[in-house]
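So you can see what is in the structure, the chains are spelled out below.
There are 2 protein chains.
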Amino acid sequence: MRTLTLQRVKFTMGLPLLKRAIQEQAEKTKNFVSRSLVIGEVLSMADMATGVKCGIIYWLFGGAVRNLGSPAHVTKWLQPLQEQKYTGMFAMTERGHGSNVRGIQTEATFDLSAQEFVIDTPCENAEKMYIGNSMYGNYAAVFAQLILNGRSHGPHCFIVPVRDENGSLRPGVTAIDMMYKEGLHGVDNGILRFDKVRIPRENLLDKFGSVAPDGQYHSPIKDRSTRFNAMLAALTPSRLAVTFQAMGSMKLGLTIAIRYSHSRRQFGPKAKEEVKIIEHQTQNMRLMPHLATALALTFVSRYAGVLLDKDIFSGKELVNSRSLQALVAGLKAYSTWENVSCLQDCRECTGGMVVVRELLAQYTKQYEKRPLSSLLQNWAESGSDKLRTSVLAFNVDTVGSLAFLLKAVNFRERVLQRGLVARIYYKTLEQFFLAVNSCPDLEDQALLKKFCLLYGTKLVFQERAWYLEHKYFTPVASMRIRSQLLDLCDSVKDDALRVISAFNIPHTSLHAPIAGIPNPMAAWAFYPAPPHLLAREGARSPRPKLGAKL
Amino acid sequence: MRTLTLQRVKFTMGLPLLKRAIQEQAEKTKNFVSRSLVIGEVLSMADMATGVKCGIIYWLFGGAVRNLGSPAHVTKWLQPLQEQKYTGMFAMTERGHGSNVRGIQTEATFDLSAQEFVIDTPCENAEKMYIGNSMYGNYAAVFAQLILNGRSHGPHCFIVPVRDENGSLRPGVTAIDMMYKEGLHGVDNGILRFDKVRIPRENLLDKFGSVAPDGQYHSPIKDRSTRFNAMLAALTPSRLAVTFQAMGSMKLGLTIAIRYSHSRRQFGPKAKEEVKIIEHQTQNMRLMPHLATALALTFVSRYAGVLLDKDIFSGKELVNSRSLQALVAGLKAYSTWENVSCLQDCRECTGGMVVVRELLAQYTKQYEKRPLSSLLQNWAESGSDKLRTSVLAFNVDTVGSLAFLLKAVNFRERVLQRGLVARIYYKTLEQFFLAVNSCPDLEDQALLKKFCLLYGTKLVFQERAWYLEHKYFTPVASMRIRSQLLDLCDSVKDDALRVISAFNIPHTSLHAPIAGIPNPMAAWAFYPAPPHLLAREGARSPRPKLGAKL
Numbered sequence: 001m002r003t004l005t006l007q008r009v010k011f012t013m014g015l016p017l018l019k020r021a022i023q024e025q026a027e028k029t030k031n032f033v034s035r036s037l038v039i040g041e042v043l044s045m046a047d048m049a050t051g052v053k054c055g056i057i058y059w060l061f062g063g064a065v066r067n068l069g070s071p072a073h074v075t076k077w078l079q080p081l082q083e084q085k086y087t088g089m090f091a092m093t094e095r096g097h098g099s100n101v102r103g104i105q106t107e108a109t110f111d112l113s114a115q116e117f118v119i120d121t122p123c124e125n126a127e128k129m130y131i132g133n134s135m136y137g138n139y140a141a142v143f144a145q146l147i148l149n150g151r152s153h154g155p156h157c158f159i160v161p162v163r164d165e166n167g168s169l170r171p172g173v174t175a176i177d178m179m180y181k182e183g184l185h186g187v188d189n190g191i192l193r194f195d196k197v198r199i200p201r202e203n204l205l206d207k208f209g210s211v212a213p214d215g216q217y218h219s220p221i222k223d224r225s226t227r228f229n230a231m232l233a234a235l236t237p238s239r240l241a242v243t244f245q246a247m248g249s250m251k252l253g254l255t256i257a258i259r260y261s262h263s264r265r266q267f268g269p270k271a272k273e274e275v276k277i278i279e280h281q282t283q284n285m286r287l288m289p290h291l292a293t294a295l296a297l298t299f300v301s302r303y304a305g306v307l308l309d310k311d312i313f314s315g316k317e318l319v320n321s322r323s324l325q326a327l328v329a330g331l332k333a334y335s336t337w338e339n340v341s342c343l344q345d346c347r348e349c350t351g352g353m354v355v356v357r358e359l360l361a362q363y364t365k366q367y368e369k370r371p372l373s374s375l376l377q378n379w380a381e382s383g384s385d386k387l388r389t390s391v392l393a394f395n396v397d398t399v400g401s402l403a404f405l406l407k408a409v410n411f412r413e414r415v416l417q418r419g420l421v422a423r424i425y426y427k428t429l430e431q432f433f434l435a436v437n438s439c440p441d442l443e444d445q446a447l448l449k450k451f452c453l454l455y456g457t458k459l460v461f462q463e464r465a466w467y468l469e470h471k472y473f474t475p476v477a478s479m480r481i482r483s484q485l486l487d488l489c490d491s492v493k494d495d496a497l498r499v500i501s502a503f504n505i506p507h508t509s510l511h512a513p514i515a516g517i518p519n520p521m522a523a524w525a526f527y528p529a530p531p532h533l534l535a536r537e538g539a540r541s542p543r544p545k546l547g548a549k550l
Numbered sequence: 001m002r003t004l005t006l007q008r009v010k011f012t013m014g015l016p017l018l019k020r021a022i023q024e025q026a027e028k029t030k031n032f033v034s035r036s037l038v039i040g041e042v043l044s045m046a047d048m049a050t051g052v053k054c055g056i057i058y059w060l061f062g063g064a065v066r067n068l069g070s071p072a073h074v075t076k077w078l079q080p081l082q083e084q085k086y087t088g089m090f091a092m093t094e095r096g097h098g099s100n101v102r103g104i105q106t107e108a109t110f111d112l113s114a115q116e117f118v119i120d121t122p123c124e125n126a127e128k129m130y131i132g133n134s135m136y137g138n139y140a141a142v143f144a145q146l147i148l149n150g151r152s153h154g155p156h157c158f159i160v161p162v163r164d165e166n167g168s169l170r171p172g173v174t175a176i177d178m179m180y181k182e183g184l185h186g187v188d189n190g191i192l193r194f195d196k197v198r199i200p201r202e203n204l205l206d207k208f209g210s211v212a213p214d215g216q217y218h219s220p221i222k223d224r225s226t227r228f229n230a231m232l233a234a235l236t237p238s239r240l241a242v243t244f245q246a247m248g249s250m251k252l253g254l255t256i257a258i259r260y261s262h263s264r265r266q267f268g269p270k271a272k273e274e275v276k277i278i279e280h281q282t283q284n285m286r287l288m289p290h291l292a293t294a295l296a297l298t299f300v301s302r303y304a305g306v307l308l309d310k311d312i313f314s315g316k317e318l319v320n321s322r323s324l325q326a327l328v329a330g331l332k333a334y335s336t337w338e339n340v341s342c343l344q345d346c347r348e349c350t351g352g353m354v355v356v357r358e359l360l361a362q363y364t365k366q367y368e369k370r371p372l373s374s375l376l377q378n379w380a381e382s383g384s385d386k387l388r389t390s391v392l393a394f395n396v397d398t399v400g401s402l403a404f405l406l407k408a409v410n411f412r413e414r415v416l417q418r419g420l421v422a423r424i425y426y427k428t429l430e431q432f433f434l435a436v437n438s439c440p441d442l443e444d445q446a447l448l449k450k451f452c453l454l455y456g457t458k459l460v461f462q463e464r465a466w467y468l469e470h471k472y473f474t475p476v477a478s479m480r481i482r483s484q485l486l487d488l489c490d491s492v493k494d495d496a497l498r499v500i501s502a503f504n505i506p507h508t509s510l511h512a513p514i515a516g517i518p519n520p521m522a523a524w525a526f527y528p529a530p531p532h533l534l535a536r537e538g539a540r541s542p543r544p545k546l547g548a549k550l
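So the protein lines, in turn, are chains A and B.
According to my numbering, the first sequence is numbered sequentially starting from 1.
According to my numbering, the second sequence is numbered sequentially starting from 1.
It is worth saying that the hints were derived from the structure and are not from the lab.
Do not take every clue at face value.
Identical copies look the same in the list; a pair holds intra-copy or inter-copy alike.
What the hints assert, rightly or not - When the alpha-carbon atoms are kept at most 27 Å apart in a straight line, the in silico DSS-like pairs for lysine-lysine are as follows:
(1) 222 to 272
(2) 76 to 30
(3) 30 to 85
(4) 270 to 222
(5) 196 to 85
(6) 76 to 276
(7) 181 to 76
(8) 310 to 30
(9) 276 to 28
(10) 450 to 276
Chain A with its partners taken away, still in its complex shape:
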């Protein structure tokens, strides 16, 4: 798997598209961030291991050079990277310091007489860990404490040679294989240890701090803590790349699960043909909110990419765009969580039929035997309801509108001021809403509007305890949200096929036989797509209408 992935990475990095992307990165061409992010999404869909390894070389190593180095560094290192003269890696995490980068212990001590930095791993906790491409790569962007005359100036990034062009480890460098990553065997992760490895003074990426030949430290940012933050902020584009990868795998999983749900039949009225499993409320209720989330993430992460491009093109330091940084950090956490939960549901929805049946029984009892409408009636008749009207006067009648949902989520954000989750919720919903409104095709707009409403309803549904707790909802409003979620999921289940076909994932990247894609590796697993699905695909233009957007 590793050898195969290596070949794929080589092939991919040699494609004109990728070469141009690195060129654009070096030249800071307008909108290069957005374009590179989309490439990352596509690579992840084609093969996650290839996507991850290219990401390490391009966004992490290349991004470190681009964003932490001087123009001279960019010229020196990105050109040969583009020509595949070497590959890079990104060595930030340490055994003792996963995310507390400020506390890393690797040392870069300046040797004035030799005009070199001495890179050293002083203790076990300082070992660089989980480093991708560490079993093959030539150069690492290593974060270490910059030490001058025994005094640390905080973490800085250095380019350290790890292997020569023949793949032999450089003297003083140890690489330990961390072996297999379940589900991602193609990616090599390892531990790097440096035993007084000497590098030229010029290998310090010195945009935020440099050392002159006389050993004097200079930085455009005096305060050490501010400098550190600026350095981390400069890496924001690489962070956003993770969101695009997560989105890519959500779209893959959803495409497979939704195609399967529209063809596989199970249960149904006695003595009649079994019904398509998408018709089961539970199946539907599990998949549609994830599809809406994938759409929302698509719009908001592209929006974040546009903002980054604007800042970078105008030369603005990212540390000064605090809300953009928060958005990207939040998107990384939110999208990867949603990805795990989406793929788990897709998996269960394509295999765990026992579960579906049990859930089905439960929901049926909950909603059919005690019909929601009569319940609502009861609540509406209850005299005390007026007293429960929220301080914001969220009216029952407006629960179903997007404006209401936006208002609710926005209010939650304002109350929780800097709360990450609330901010991300609001930002994604708002961006989705704006994107939909600016969609030129009216038919597409109507469809996206439904998904936008569905996404907003999902967010508010998830948080309804909070709204109730804080008296911003009446119980009646909360119940209407649940019923609205059910209705919306039901109303979009057929449109879902149009949306996934607009993801435009070629069959060669889908692999999954249960989605009606033959796979010689598992011929037995083939589950034919029903005629109406095939007809739709036959009629599909090479680039479907929605495809340009999603």
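Put chain B on the given structure of chain A with help from the hints.
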């Protein structure tokens, strides 16, 4: 992996404990179900693939013979199974019918003249799929429509030879390898296809329906639907075995994550030693509710085992214990969901430190910057609160008591009458409560009481939107539940070490170097347990006090 697993299964099935267990199953010895379930839990902890394969042979195949066969079947098939003369498999699921067993399409047509059943797979959808041990096993318990004179009498179970003693497939049988199961490579799953395979009339497991030599069908249960339900009900013990396996892996994951969290340090006050990650509220809040759930599942699933033993020993048909069936079906769904969610959290808690930091920041802002107490003050002062007192008069002052939690969950159960989730919630909490109260050791009792309270609080916390929506809680009560959950998690985090050591999992089964267990396969991953943990283990008796229970 498969070969190794096969050797392990052979070794395990040859252990006196396992041989005795099969003997007891054959003889219907008192409490044999409970004893076998605990063996299943232990096997899963030692090696999940071995546990699964033994489970297929023992609970699924053996269970089918035991519960669907006549005494003659039991004598004939279980003795040689115990002596490892052959291994079995369980062929229920079909390509077209995962859980809708009633609709299976495999046929067993009686041939009067030959006194044989002809087992046949009439179409692709009738192929038996995901059959464990199908690449090695000799006999399969196959579910098929029993057809007499062209008329089906519904699904019945037949013993069908698949391979001879040399491992060669019998004529008419096709087995297709479904290849690798991510994370469970040691288990072989495959597809079985039967092309008019002839078996003797006696191979019908005929407890619920038999065919006389003259071709007449006889059943103690006249109604076809009732008969089918009785058959499925008889398999209840095998279903419960899944819960014990899920519990086993929860305990493994929790042991690793909690040991690691008590030794790894990250972040903390400036210029001081970093704090143990278990001290971070988010780490704690993620792990402790899962630990409480593992304890609750332990008590309630053992209780279900005891009920099964009672019924079986007294000769009561399980179909008549509807609430027990519902409990076991619910436990299977609930425990496997909780298992997935628990292991995902354990994984994130032992690696995803970035996530923890982000969550931490969020929680800090939420709870520290707007102190809960002052919020509560505000609500308490609000004049309208009195009006919001619930119809059940759940009083704010009693929110912290177990009696209150029981009452709340019980009420939710009664409202949702036959709702699976609510019933399982209530049942697990109630059984946990009863088990704690009957614990003879007062120190253990006090500790378990804390976890019981934590579990109940978690349940109510999860459902708080519902209680609010239906006006059974005031907002103040709901907020108190959240704050109580935080307090409880904080209060048990040190005791958690005692609980996991009472799980009594030998280090040879733990493997994980990050839990301080050296592993020669990944020496680099070793993370030493801190001195106080090691001291505790040195002092530990071979069987810790709580160990007899958990």
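Note to self: For a quick check of understanding: which of the numbered hints are violated here, in increasing order?
What the structure shows: Checked against the structure, the hints that fail are numbers 6, 7 and 9, while the rest are satisfied.
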